[in-house]
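Engineer: Top to bottom, those sequences are chains A and B.
Residue numbers for the first sequence follow this note's numbering, so the first one is 1 and each next one is one higher.
Residue numbers for the second sequence follow this note's numbering, so the first one is 1 and each next one is one higher.
Simulated from the structure, these hints should not be mistaken for lab results.
Careful, some of the hints might be misleading.
[As the list claims (entries may be wrong)] Where chain B lies over chain A, by a calculated footprint (3+ residues, C-beta under 8 Å):
1) 26-32
2) 298-311
3) 325-332
Even glycine gets a Cβ: it sits at the ideal position worked out from N, Cα and C.
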Amino acid sequence: MKKTPLNQIHKTLGAKMIDFAGWEMPVQYTGIIEEHLITRTKAGLFDISHMGEILFEGPGALQAVQYLTTNQAAKLVPGQVQYSALLYPTGTFVDDITVYKFSEEQFMFCVNAVNTDKDYAWIQENISSKKPDFAPVQIKNISDEIALLALQGPKAAEILQKLTEIDLSTLKSFRFTEGTVGEVKTWISRTGYTGEDGFELYIPAEEANPEVHQGKVIEVWNKLLEVGQEYGLKPVGLGARDTLRLEARLVLYGNDITDQTTPLEADLEWIVKYDKGNFIGREALLKQKEQGIQKKLVGFEMIERGIARPHYKILKGQELIGEVTSGTYAPYLDKNIGLGYVKIEYSEIGTELDILIRDKKVKAKIVPTPFYKRKK
Amino acid sequence: MYPEDLKYTKEHEWVRVVGNKAIVGITEFAQDQLGDVVFIELPEVGEKVKQFESFGTIESVKAVSDLYAPVSGEVIKVNDALEDEPERVNKDPYGEGWMLEIEIKNPAELNNLISAKEYEAYIKDQAK
Chain A
1 MKKTPLNQIH
11 KTLGAKMIDF
21 AGWEMPVQYT
31 GIIEEHLITR
41 TKAGLFDISH
51 MGEILFEGPG
61 ALQAVQYLTT
71 NQAAKLVPGQ
81 VQYSALLYPT
91 GTFVDDITVY
101 KFSEEQFMFC
111 VNAVNTDKDY
121 AWIQENISSK
131 KPDFAPVQIK
141 NISDEIALLA
151 LQGPKAAEIL
161 QKLTEIDLST
171 LKSFRFTEGT
181 VGEVKTWISR
191 TGYTGEDGFE
201 LYIPAEEANP
211 EVHQGKVIEV
221 WNKLLEVGQE
231 YGLKPVGLGA
241 RDTLRLEARL
251 VLYGNDITDQ
261 TTPLEADLEW
271 IVKYDKGNFI
281 GREALLKQKE
291 QGIQKKLVGF
301 EMIERGIARP
311 HYKILKGQEL
321 IGEVTSGTYA
331 PYLDKNIGLG
341 YVKIEYSEIG
351 TELDILIRDK
361 KVKAKIVPTP
371 FYKRKK
Chain B
1 MYPEDLKYTK
11 EHEWVRVVGN
21 KAIVGITEFA
31 QDQLGDVVFI
41 ELPEVGEKVK
51 QFESFGTIES
61 VKAVSDLYAP
71 VSGEVIKVND
81 ALEDEPERVN
91 KDPYGEGWML
101 EIEIKNPAEL
111 NNLISAKEYE
121 AYIKDQAK
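Please put together the full structure from these sequences, using the hints given.
Structural biologist: Next up, the structure:
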């Protein structure tokens with residue numbers, strides 16, 4: 001199993017470790033509910049170094065990014081981040097990603113750990129060989145040289161401000177900048193996957209020696225925990241990361257979006273810009289838009305006792321109308337919630353439906369999402 | 001962590017035998033492995049359960065597990081408090097986190113259960 005530079009630190013902190021996409025990662029330290037609530041009310045520190053990073057460099061960088069992704073990358077300014085997607089020609093997801101623009105000739109994708117190798121192969125296949133007419137672009141998988149921490153929660157900015165020279169009040173949501181945290185050079189990005197304000201801190205290895213890099217990552221982790229102590233900052237594992245993202249209705253690749261679903265079905269049409277020129281999947285999406293979608297991803301709340309889990313069937317009366325893709329007890333809302341695809345005619349908010357839990361129908365209803373939205 | 005006066009199953013239930021009754025719950029190891037318990041489904045009083053067959057389910061934030069009856073018999077009491085406070089299983093698995101009381105049908109079945117020492121050795125072996 002692959003290990004992040006903080007592997008030993010997690011074990012020392014008493015984390016329960018699990019295999020996630022081939023990585024040995026902390027699923028929880030003290031408990032998912034406690035870690036979830038701390039992130040909503042104070043701040044949580046996450047090791048998400050398993051995420052992948054793919055770099056595009058050269059005069060053809062923008063052209064390649066535009067062809068591969070659904071969102072409008074041409075409008076980005078240096079230091080801006082954008083949520084986007086990679087699609088197959090069928091319009092279904094290869095992955096959902098964030099696109100970072102460093103300069104006119106340098107872009108980076110942050111991709112799901114489970115998809116890093118697949119994405120890199122997909123990108124190379126579609127740019128290197130098939131597009132000799134593109135301006136030159138160098139594409140590198142730099143995932144192994146980058147550690148990534150997420151500092152999330154209402155106290156995140158105050159905590160980070162104590163360790164960086166960057167004036168964080170000027171760093172807006174979905175912007176990033178180079179800056180130091182403690183003595184360590186990082187890319188500070190005002191992004192996250194929890195529904196809270198917060199930051200993702202990329203720590204690139206500047207030296208070939210991985211031990212030097214590891215030392216720096218540990219330094220940033222420890223300093224944040226030390227400075228954050230008085231604010232209630234605690235380390236948070238992947239378990240709470242999943243419940244936090246679901247309350248905020250942030251989709252998870254492999255569950256809510258897959259190679260069988262499209263951005264239109266997933267209610268993510270806002271990241272599709274048809275008028276930006278050709279991109280992989282565009283034709284299929286235009287066709288689907290014209291014909292209309294058959295199923296749609298909706299958020300639901302359990303009315304009766306029970307927790308929906310991925311792959312549970314969704315029924316309306318006797319009719320099978322869909323399947324759950326994510327479901328959990330939502331610690332901050334203290335409700336049982338979930339996401340699932342249902343036939344389009346049953347996707348209206350307020351629709352009551354049944355989730356089949358261990359052969360028993362349990363009532364739920366479609367509700368507006370996000371389930372949780374932070375107060376600004 | 002594993003009281004000597006209890007009997008155990010390899011499915012991580014404990015049983016306290018009082019006369020012809022068996023009080024049932026899950027072990028410290030089980031609650032720790034599950035993490036925060038958020039949902040428990042138990043049988044009704046009067047239902048009959050069979051040794052080593054599922055009598056209910058327990059769900060943590062992340063996982064769903066079956067609960068197995070350590071002995072056969074009729075359910076005579078259910079810990080209804082767990083419906084609203086399933087976290088009792090985490091906080092006090094051998095006390096307030098108890099689940100069922102069963103009237104023991106066949107005391108010979110108790111010989112199929114293991115002692116605290118055997119259970120501890122069993123989970124150590126599982127952890128390897």
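Engineer: Mind taking a look at whether chain B covers the stretch 298-311 of chain A? Criterion is 3 or more residues with CB to CB distance under 8 Å.
Structural biologist: Coverage by chain B holds for the stretch 298-311 of chain A (4 residues, Cβ < 8 Å).
Engineer: Closer than 8 Å, Cβ to Cβ, for at least three residues: run that test on the stretch 26-32 of chain A against chain B and report holds or violated.
Structural biologist: holds (count 4)
Engineer: Against chain B, does the stretch 325-332 of chain A show at least 3 residues with beta-carbon separation below 8 Å?
Structural biologist: Answer holds; 3 residues pass the 8 Å Cβ test.
Checked against the numbered hints above, the structure breaks none of them.
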